[in-house]
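Full structure from sequences and hints, please.
Those protein sequence lines, which keep their order, are chains C and W.
So the first sequence is numbered by the numbering used here: it starts at 1 and just counts up by one.
So the second sequence is numbered by the numbering used here: it starts at 113 and just counts up by one.
These are calculated hints, taken from the structure and not from any lab test.
In this text, all values refer to a predicted model and were calculated from it rather than measured experimentally.
Heads up, the beta-carbon is just placed ideally off N, CA and C, and yes, glycines get one too.
Fair warning: there could be bad hints in the mix.
[Said to hold, decoys possible] The calculated label-pair distances, taken between Cβ atoms and stated as ranges, are: (1) 129(W) x 66(C): 45 to 51 Å; (2) 147(W) x 62(C): 22 to 28 Å; (3) 184(W) x 55(C): 34 to 40 Å; (4) 30(C) x 144(W): 25 to 31 Å; (5) 191(W) x 69(C): 37 to 43 Å; (6) 210(W) x 100(C): 42 to 48 Å; (7) 26(C) x 222(W): 32 to 38 Å; (8) 8(C) x 193(W): 39 to 45 Å; (9) 13(C) x 196(W): 41 to 47 Å; (10) 111(C) x 191(W): 40 to 46 Å.
[Unchecked claim] With a straight-line cut-off of 27 Å between C-alpha atoms, the simulated DSS-like cross-links for lysine-lysine are: (11) 224(W) x 43(C); (12) 139(W) x 43(C); (13) 76(C) x 19(C); (14) 194(W) x 224(W); (15) 43(C) x 159(W); (16) 159(W) x 19(C); (17) 156(W) x 224(W); (18) 19(C) x 43(C); (19) 43(C) x 191(W); (20) 156(W) x 43(C); (21) 224(W) x 159(W); (22) 194(W) x 159(W); (23) 145(W) x 194(W); (24) 220(W) x 156(W); (25) 65(C) x 139(W); (26) 159(W) x 191(W); (27) 220(W) x 43(C); (28) 43(C) x 76(C); (29) 220(W) x 139(W).
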Amino acid sequence: EVQLVESGGGLVQPGRSMKLSCAASGFTFSSFPMAWVRQAPTKGLEWVATISTSGGSTYYRDSVKGRFTISRDNAKSTLYLQMNSLRSEDTATYYCTRYDYWGQGVMVTVSS
Amino acid sequence: DIVLTQAPLSVSVTPGESASISCRSSKSLLSSKGITSLYWYLQKPGKSPQLLIYRMSNLASGVPDRFSGSGSETDFTLKISKVETEDVGVYYCAQFLEYPRTFGGGTKLELK
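Laid out in structure tokens, this is it:
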């Protein structure tokens with residue numbers, strides 16, 4: 001059974017950093033591109049970033065470029081999202097996704 | 113960026129009747145490989161999104177055949193025949209042809 005389990009969310013002050021993790025199981029992690037998608041409270045889905053199978057290619061939405069870094073450790077079957085210089089508009093539930101499977105999501109609240 | 117426009121914003125359906133949701137793209141989603149990169153998701157209340165349809169018309173694993181997807185290069189339709197109570201939630205279309213990946217604004221399906 002495919003499972004994606006996010007962790008690392010919580011409350012953080014504006015301008016600070018936070019790192020999300022996503023532990024994958026039930027499939028060959030290294031064979032699939034992975035992504036982070038977020039959803040602000042009461043809003044729709046918003047793609048954040050995607051990483052290729054090897055990690056050699058990464059893609060970001062403009063609003064997070066230079067602040068967020070997506071990475072992966074195929075040996076540990078884990079996806080990461082390093083978020084720096086956080087803003088209030090980054091407040092959202094962050095989902096780890098293989099596009100066909102999604103994690104349960106982790107809430108990130110940016111507030112002083 | 114490719115803009116996806118969904119209609120209607122909400123739909124109220126009597127159980128057992130059919131429902132259709134439209135998604136219009138600002139650009140053709142037909143790739144050079146002949147694949148139309150349009151996906152449909154359902155997000156049930158309080159849950160993560162789940163994949164319903166991939167590549168415009170292919171039913172995802174485990175999804176009831178009451179769901180079907182169709183369309184052209186820019187205009188797409190999700191049809192739900194014989195709506196059931198478990199179909200309540202917000203439906204999103206998404207394009208994975210280009211970066212940034214984009215989602216439609218969502219269509220909320222309620223029961224009468």
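A quick look at each hint next to the structure:
no.	hint	verdict
1	129(W) x 66(C): 45 to 51 Å	49 Å, holds
2	147(W) x 62(C): 22 to 28 Å	26 Å, holds
3	184(W) x 55(C): 34 to 40 Å	36 Å, holds
4	30(C) x 144(W): 25 to 31 Å	27 Å, holds
5	191(W) x 69(C): 37 to 43 Å	40 Å, holds
6	210(W) x 100(C): 42 to 48 Å	19 Å, violated
7	26(C) x 222(W): 32 to 38 Å	34 Å, holds
8	8(C) x 193(W): 39 to 45 Å	41 Å, holds
9	13(C) x 196(W): 41 to 47 Å	45 Å, holds
10	111(C) x 191(W): 40 to 46 Å	42 Å, holds
11	224(W) x 43(C)	24 Å, holds
12	139(W) x 43(C)	24 Å, holds
13	76(C) x 19(C)	16 Å, holds
14	194(W) x 224(W)	13 Å, holds
15	43(C) x 159(W)	14 Å, holds
16	159(W) x 19(C)	23 Å, holds
17	156(W) x 224(W)	17 Å, holds
18	19(C) x 43(C)	23 Å, holds
19	43(C) x 191(W)	23 Å, holds
20	156(W) x 43(C)	14 Å, holds
21	224(W) x 159(W)	22 Å, holds
22	194(W) x 159(W)	22 Å, holds
23	145(W) x 194(W)	34 Å, violated
24	220(W) x 156(W)	10 Å, holds
25	65(C) x 139(W)	24 Å, holds
26	159(W) x 191(W)	21 Å, holds
27	220(W) x 43(C)	12 Å, holds
28	43(C) x 76(C)	33 Å, violated
29	220(W) x 139(W)	24 Å, holds
Hints 6, 23, 28, counting from the list given before, are not met by this structure.
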